[in-house]
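Undergrad: FYI, the numbering for the sequence shown is 0 to 299, going by numbering that gives the first Met the number 0.
It is worth saying that the hints were derived from the structure and are not from the lab.
Careful, some of the hints might be misleading.
[Unchecked claim] Distance condition first, Cα-Cα at most 16 Å in a straight line; then the derived EDC-like pairs of lysine to aspartate or glutamate:
hint, residue 1, residue 2
1, K210, D100
2, K111, E33
3, K210, E94
4, K163, D213
5, K177, E151
6, K250, E151
7, K217, D100
8, K163, D174
9, K111, E189
10, K177, D167
11, K250, D213
12, K116, D138
13, K249, E151
14, K177, E200
15, K111, E94
16, K217, E151
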Amino acid sequence: MHVRIKNWAALSALAAGLWCSAAMAANPVSRIVEAGDIRIETTTFGKGPVTLVMAAGNGRPASQLDGLARGIAKQGIRVVTYNYRTLGASTGPIEGLTLHDYANDLWQVVDKLGLGKVYLAGKTYGNRVTRAASQARPDQVLGIVLIGAGGEVQPSDDTIALYKQYLDPAISRADWLKLQGQLMYAPANEHLAQLDLEQGEFPALANAQAKASDATPKEQWSMGGTAPMLVLTCLQDRVAVPESALSIAKKRPATWLVGLPACGHNMLNERPEDLQRLISDFIQRNQAQAKQRSKSSLKP
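My request is simple: use the sequences and hints to build the entire structure.
TA: Have a look at this one:
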């Protein structure tokens, strides 16, 4: 009976923790982080023993990650997202930057919120930011997730030409929506670009971020440090082609690669449940393994 009571207490505590995390996931908390003339708007979902910091895609607002953040937070993982400079309440210059500047913004969020060691995840361009951040402070990263990872294998010439049009700061709203569907989604899923349009289009930031990536030597960010890594790729991604994700997985240790069918570059809207499950499982398994290693090291 004593054992049963202990188990019931443990289950009750777990249920209470998950309920609390789910409640906080539904009611995220916003906070502004300041560093000199730079202000970064952050949003925290849920509550848990570990924190996942997520960076959005190229020229995209943090709100594109809301659904994913809520789903992961319900699993007892605290999730923090943030707006890039010039988006939402975030401010700061965007010209003449490198990926190191964007990585520094991420670490300002971590430091000012007192998060300590964290997991990092980046959606498309955001995983270039998180890779640069992880490479800069490898001892502070528990694990890293790449969602749509490019940079290793170039897309087709046609795709590159379309992407240059997409990055034009003067692009019309109609042309942006058309290219968003063509470039970011698998065939038959182009209509999902309307969801992105509702969040807003920010081609000036997208253009500046692309320049920041080009201005950063590849060896300073591409491998993303030494932490365990989960690479998620969509098999119909024409921008960050699957071969690029495979190349990353082959080059570094402790790296897992998952290929998802019937989706493209913006898999957030195509495979949301899969992403929530895979990222949550990766973090939970990594935490369990770390705990087991810690126990083993204490044995005489």
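Undergrad: Quick one, are K217 and E151 close enough, alpha carbons at most 16 Å?
TA: This hinted pair holds, its Cα atoms lying about 9 Å apart.
Undergrad: Tell me if the straight-line CA distance from K111 to E94 falls inside 16 Å.
TA: Roughly 24 Å separates the two Cα atoms, so the pair is violated.
Undergrad: Hinted pair, alpha-carbon criterion (16 Å max): K111, E33. Please report holds or violated.
TA: Holds, because 8 Å separates the two Cα atoms, which is no more than 16 Å.
Undergrad: Hinted pair, alpha-carbon criterion (16 Å max): K177, E151. Please report holds or violated.
TA: 26 Å, violated
Undergrad: Please verify whether K177 and E200 have alpha carbons no more than 16 Å apart.
TA: 12 Å, holds
Undergrad: Between K163 and D213, is the straight-line Cα distance small enough, at 16 Å or below?
TA: 13 Å, holds
Undergrad: For K111 and E189, compute the direct alpha-carbon distance and say whether it is at most 16 Å.
TA: 39 Å, violated
Undergrad: Is it true that the CA of K177 sits at most 16 Å from the CA of D167?
TA: With Cα atoms ~14 Å apart, K177 and D167 stay inside 16 Å; holds.
Undergrad: What's the verdict on K250 and E151, does the C-alpha distance respect the 16 Å limit or exceed it?
TA: 11 Å, holds
Undergrad: Starting from K210, check that the Cα of E94 is at most 16 Å away, please.
TA: Holds: K210 and E94 sit about 8 Å apart, inside 16 Å.
Undergrad: Going straight from one Cα to the other, do K210 and D100 come out at no more than 16 Å?
TA: 12 Å, holds
Undergrad: For the pair we were handed, K116 and D138, check the Cα-Cα distance against 16 Å.
TA: 8 Å, holds
Hint compliance for this structure: hints 5, 9, 11 and 15 are not met, and every other hint is.
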